[in-house]
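2 protein chains.
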Amino acid sequence: MSSQLKVADSTHDPNVYAELITIGDEILFGQIVNTNAQWMGVELSNVGIRVRRHTSVGDKESEIIAALTEAAQRAHIVLITGGLGPTKDDITKYTLAAWFDSPMAENPDALAHLEALLARRGRTLNDLNRQQANQPTKATYIHNAIGTAPGMWFDLPKGDKAAHDMVFVSMPGVPAEMKKMMRDIIIPKLVARFDPPIIIHKIIRTIGMAESNLAELIESWENALPANVSLAYLPSFGQVKLRLTGTGTNATELLAILNEQAELVLPLIRDYVYGFDQDELEKVIGRLLQERNATLATAESFTGGSISQLITAIPGSSGYFLGGVVAYDNEVKINTLGVDRQLIINHGAVSPEVAEAMAVGVQRATGATYAISTTGIAGPGGGTEAKPVGLVYSAVAYPGGVFSVKQQLLVDRHLNIQMGSLWALNLLRKHLRGIID
Amino acid sequence: MSSQLKVADSTHDPNVYAELITIGDEILFGQIVNTNAQWMGVELSNVGIRVRRHTSVGDKESEIIAALTEAAQRAHIVLITGGLGPTKDDITKYTLAAWFDSPMAENPDALAHLEALLARRGRTLNDLNRQQANQPTKATYIHNAIGTAPGMWFDLPKGDKAAHDMVFVSMPGVPAEMKKMMRDIIIPKLVARFDPPIIIHKIIRTIGMAESNLAELIESWENALPANVSLAYLPSFGQVKLRLTGTGTNATELLAILNEQAELVLPLIRDYVYGFDQDELEKVIGRLLQERNATLATAESFTGGSISQLITAIPGSSGYFLGGVVAYDNEVKINTLGVDRQLIINHGAVSPEVAEAMAVGVQRATGATYAISTTGIAGPGGGTEAKPVGLVYSAVAYPGGVFSVKQQLLVDRHLNIQMGSLWALNLLRKHLRGIID
Numbered sequence: 001m002s003s004q005l006k007v008a009d010s011t012h013d014p015n016v017y018a019e020l021i022t023i024g025d026e027i028l029f030g031q032i033v034n035t036n037a038q039w040m041g042v043e044l045s046n047v048g049i050r051v052r053r054h055t056s057v058g059d060k061e062s063e064i065i066a067a068l069t070e071a072a073q074r075a076h077i078v079l080i081t082g083g084l085g086p087t088k089d090d091i092t093k094y095t096l097a098a099w100f101d102s103p104m105a106e107n108p109d110a111l112a113h114l115e116a117l118l119a120r121r122g123r124t125l126n127d128l129n130r131q132q133a134n135q136p137t138k139a140t141y142i143h144n145a146i147g148t149a150p151g152m153w154f155d156l157p158k159g160d161k162a163a164h165d166m167v168f169v170s171m172p173g174v175p176a177e178m179k180k181m182m183r184d185i186i187i188p189k190l191v192a193r194f195d196p197p198i199i200i201h202k203i204i205r206t207i208g209m210a211e212s213n214l215a216e217l218i219e220s221w222e223n224a225l226p227a228n229v230s231l232a233y234l235p236s237f238g239q240v241k242l243r244l245t246g247t248g249t250n251a252t253e254l255l256a257i258l259n260e261q262a263e264l265v266l267p268l269i270r271d272y273v274y275g276f277d278q279d280e281l282e283k284v285i286g287r288l289l290q291e292r293n294a295t296l297a298t299a300e301s302f303t304g305g306s307i308s309q310l311i312t313a314i315p316g317s318s319g320y321f322l323g324g325v326v327a328y329d330n331e332v333k334i335n336t337l338g339v340d341r342q343l344i345i346n347h348g349a350v351s352p353e354v355a356e357a358m359a360v361g362v363q364r365a366t367g368a369t370y371a372i373s374t375t376g377i378a379g380p381g382g383g384t385e386a387k388p389v390g391l392v393y394s395a396v397a398y399p400g401g402v403f404s405v406k407q408q409l410l411v412d413r414h415l416n417i418q419m420g421s422l423w424a425l426n427l428l429r430k431h432l433r434g435i436i437d
Numbered sequence: 001m002s003s004q005l006k007v008a009d010s011t012h013d014p015n016v017y018a019e020l021i022t023i024g025d026e027i028l029f030g031q032i033v034n035t036n037a038q039w040m041g042v043e044l045s046n047v048g049i050r051v052r053r054h055t056s057v058g059d060k061e062s063e064i065i066a067a068l069t070e071a072a073q074r075a076h077i078v079l080i081t082g083g084l085g086p087t088k089d090d091i092t093k094y095t096l097a098a099w100f101d102s103p104m105a106e107n108p109d110a111l112a113h114l115e116a117l118l119a120r121r122g123r124t125l126n127d128l129n130r131q132q133a134n135q136p137t138k139a140t141y142i143h144n145a146i147g148t149a150p151g152m153w154f155d156l157p158k159g160d161k162a163a164h165d166m167v168f169v170s171m172p173g174v175p176a177e178m179k180k181m182m183r184d185i186i187i188p189k190l191v192a193r194f195d196p197p198i199i200i201h202k203i204i205r206t207i208g209m210a211e212s213n214l215a216e217l218i219e220s221w222e223n224a225l226p227a228n229v230s231l232a233y234l235p236s237f238g239q240v241k242l243r244l245t246g247t248g249t250n251a252t253e254l255l256a257i258l259n260e261q262a263e264l265v266l267p268l269i270r271d272y273v274y275g276f277d278q279d280e281l282e283k284v285i286g287r288l289l290q291e292r293n294a295t296l297a298t299a300e301s302f303t304g305g306s307i308s309q310l311i312t313a314i315p316g317s318s319g320y321f322l323g324g325v326v327a328y329d330n331e332v333k334i335n336t337l338g339v340d341r342q343l344i345i346n347h348g349a350v351s352p353e354v355a356e357a358m359a360v361g362v363q364r365a366t367g368a369t370y371a372i373s374t375t376g377i378a379g380p381g382g383g384t385e386a387k388p389v390g391l392v393y394s395a396v397a398y399p400g401g402v403f404s405v406k407q408q409l410l411v412d413r414h415l416n417i418q419m420g421s422l423w424a425l426n427l428l429r430k431h432l433r434g435i436i437d
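Line by line, the protein sequences are chains A and B.
Going by this note's numbering, the first residue of the first sequence is number 1, and it counts up by one from there.
Going by this note's numbering, the first residue of the second sequence is number 1, and it counts up by one from there.
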């Protein structure tokens with residue numbers, strides 16, 4: 001542990017550097033987007049480890065060897081993903097064994113895990129699977145809680161091969177498996193091992209205000225930020241996250257500074273702030289409902305189940321979410337939600353009247369305290385001069401009343417469904433917080 | 001032109017290799033997903049140029065120089081994006097001038113374009129903008145049709161610096177600007193210059209069979225693949241994509257070879273193959289329904305709207321998808337879907353009986369030809385000894401009948417919802433294709 005710090009100090013650079021090597025022809029050929037590298041970049045930054053370089057190479061031994069050899073001259077940590085599956089094109093493990101000059105052997109922990117996992121799926125071990133229990137004997141076995149391919153942790157002392165005392169970690173390329181392994185095991189181990197400088201982030205989550213307008217509202221505050229605190233605007237789908245990053249040596253002090261800055265900015269943007277750090281909008285709404293002992297139901301047309309999917313992704317949502325109706329067809333709006341047929345004939349399915357009737361309908365059918373509805377034209381087809389693609393209405397039914405709001409979204413179907421879902425959830429949040437009624 | 005081919009021939013490797021260098025701290029820290037690299041990978045593969053490596057480095061001269069120096073020893077083509085903007089952290093142009101040992105000068109084409117573009121936006125040239133007309137004199141100016149930063153094309157003959165006669169191209173990092181420049185100018189120029197061999201991919205999409213078992217089923221076929229065809233397994237969430245990659249000089253012949261190989265493997269795995277190339281499962285199901293003039297409804301418990309969200313993400317799904325009910329609470333199962341309360345008391349909500357009653361209930365309520373239902377324990381809470389987390393039932397109601405299937409999924413809520421949704425969709429596909437009833 002101390003040796004790493006000494007290495008860093010001796011070069012007058014306190015940073016701990018990581019390099020990412022993502023392996024797979026499918027990355028180079030563009031058949032998948034490399035979200036693993038992006039995710040790892042965020043998680044490492046969060047604990048103060050700086051990503052210095054990211055390299056993608058194909059499923060070829062010489063290419064992988066070259067990438068390992070180069071990274072060993074630059075970084076303290078090399079994180080490798082991909083190529084750990086059971087098939088012939090998965091060569092990462094054998095390449096690491098060659099590069100580390102290590103024999104292979106069956107690892108009993110890996111074998112026990114494989115057998116248990118396959119038994120749970122009602123399958124038995126075949127020869128191909130069994131190979132997944134083999135690993136270089138110089139590696140420490142890393143548990144893969146949700147898949148068959150274990151991870152491997154190698155220590156490599158400073159020497160001919162390595163410019164520093166180093167750690168190499170090989171992980172599966174399947175994003176869910178890699179993420180769980182990183183969060184539960186690898187990141188805590190790396191932090192304990194390298195003791196990186198302290199970097200703390202505080203995220204202020206906003207919705208309903210564009211990045212440039214938000215920047216105007218908080219300009220004076222931003223200009224007065226302390227020198228060790230920086231601000232980034234992270235926009236996505238009608239939301240903007242304000243990320244404060246503090247760097248220092250004392251976590252308690254740093255956290256106090258960040259919290260103080262958050263307190264200062266809040267009065268400038270209060271109606272747009274829905275949460276902090278990991279509080280997704282749907283989680284915040286769940287909390288607001290639970291505080292009131294209230295329940296929720298949804299009636300979705302153009303969002304097609306996307307709102308209920310967001311709500312039910314939160315563990316414990318069955319405590320306040322009763323259910324919903326995806327009323328794509330008008331007959332479903334009429335028969336299942338009890339929307340008056342004449343209302344649809346008079347105003348059209350995409351109208352404030354129908355949005356409100358849908359919300360009230362599902363509220364009545366389920367007995368929920370609150371209900372949200374959406375109706376609109378997601379696109380690319382279905383638009384008219386009077387009702388263009390992206391025109392949407394959302395309604396909130398509450399005890400004793402209902403209201404609806406109109407919004408003109410964009411031309412992309414996928415974006416409209418995502419933004420429309422968040423926007424409808426935000427209407428409910430604003431109602432629950434007394435900002436709109 | 002011939003010299004490149006000779007170089008390639010002399011090493012007995014007919015491939016033309018490209019490397020991508022994407023520049024920007026925001027990539028390394030994970031603030032953006034590197035979609036540029038993915039897009040370039042697809043476009044280059046399509047014209048037979050093989051991406052050998054992809055490197056991301058930060059906005060730092062020494063890092064960029066290192067990446068250029070390494071790539072020059074391996075590739076024929078180096079494509080660089082990012083760092084061409086007008087602000088202080090944009091250093092790519094100056095770094096390239098240093099590495100190519102080239103003076104800088106104002107380029108008249110670049111200046112004329114800048115002036116015209118700013119005039120169109122009602123602005124005049126300031127000093128910061130004017131710097132964007134400067135470029136290394138060794139570079140050829142490349143027109144940026146939609147932005148202010150021009151591209152640069154460098155030829156570098158084989159020598160101390162370069163292992164081959166090479167081309168380096170620097171492009172803006174803004175995706176739309178880079179894409180237009182690549183499509184309109186760079187790719188045609190590269191193809192004319194290097195005359196690459198033709199590479200064609202064919203993807204066979206499977207579901208319901210693990211990678212290792214699939215590999216066993218097709219082992220003899222895989223071992224007998226022609227020398228110019230390679231196979232990769234791309235697994236995700238219970239699906240495995242088989243990617244065949246053919247290399248040759250004649251596109252028609254190559255396509256025939258790939259189609260022939262697909263025909264050969266199909267009988268070995270027919271029940272698991274749901275589509276080819278870009279056919280997602282939910283798109284395939286839409287097609288199967290449309291062929292039958294049939295409609296679909298959903299009744300979801302633990303998947304919480306995720307199935308209807310997948311279906312409605314497909315444009316035109318309103319032609320066959322009537323709607324669905326997210327029956328999270330038992331009272332919604334009883335009141336909205338008409339499930340018999342006694343059935344839930346006798347068998348529990350997570351049971352084949354309730355799954356079937358939900359499917360039949362939503363089929364009846366909506367008048368749909370087919371209906372899918374899910375009920376299960378997504379986790380992390382709610383599991384018991386008899387009904388553990390991950391236990392799920394799915395049912396398919398068809399004209400005149402209903403069936404259900406049990407599945408034991410994993411322990412992760414998020415994965416269970418995703419895998420359970422695809423698995424339920426696959427049951428419907430299997431029924432429509434006559435594989436299960």
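These are computed hints drawn from the structure, not numbers from a lab.
Some hints could be false.
Which copy is meant is left open, because identical chains are indistinguishable; a pair holds if it fits in one copy or across any two.
Keeping only pairs whose Cα atoms sit at most 25 Å apart, straight-line, the calculated SDA-like set for lysine to any residue is [stated by the list, open to error]:
1) K180 - Y233
2) K60 - Q73
3) K241 - N126
4) K88 - S212
5) K283 - G383
6) K202 - V265
7) K179 - L410
8) K88 - Y233
9) K88 - I146
10) K430 - N293
11) K138 - N346
12) K88 - E216
13) K180 - P399
14) K180 - K283
15) K241 - T252
16) K430 - A66
17) K202 - V174
18) K161 - Q342
19) K180 - A256
20) K189 - A72
21) K158 - E70
22) K60 - D127
23) K60 - L254
24) K283 - H414
25) K161 - I65
26) K161 - A72
27) K241 - N129
28) K202 - D101
29) K179 - L118
30) K60 - H201
Practice problem: Mind listing which of the numbered hints don't hold for this structure, in increasing order? | Solution: 11, 13, 16, 18, 19, 28
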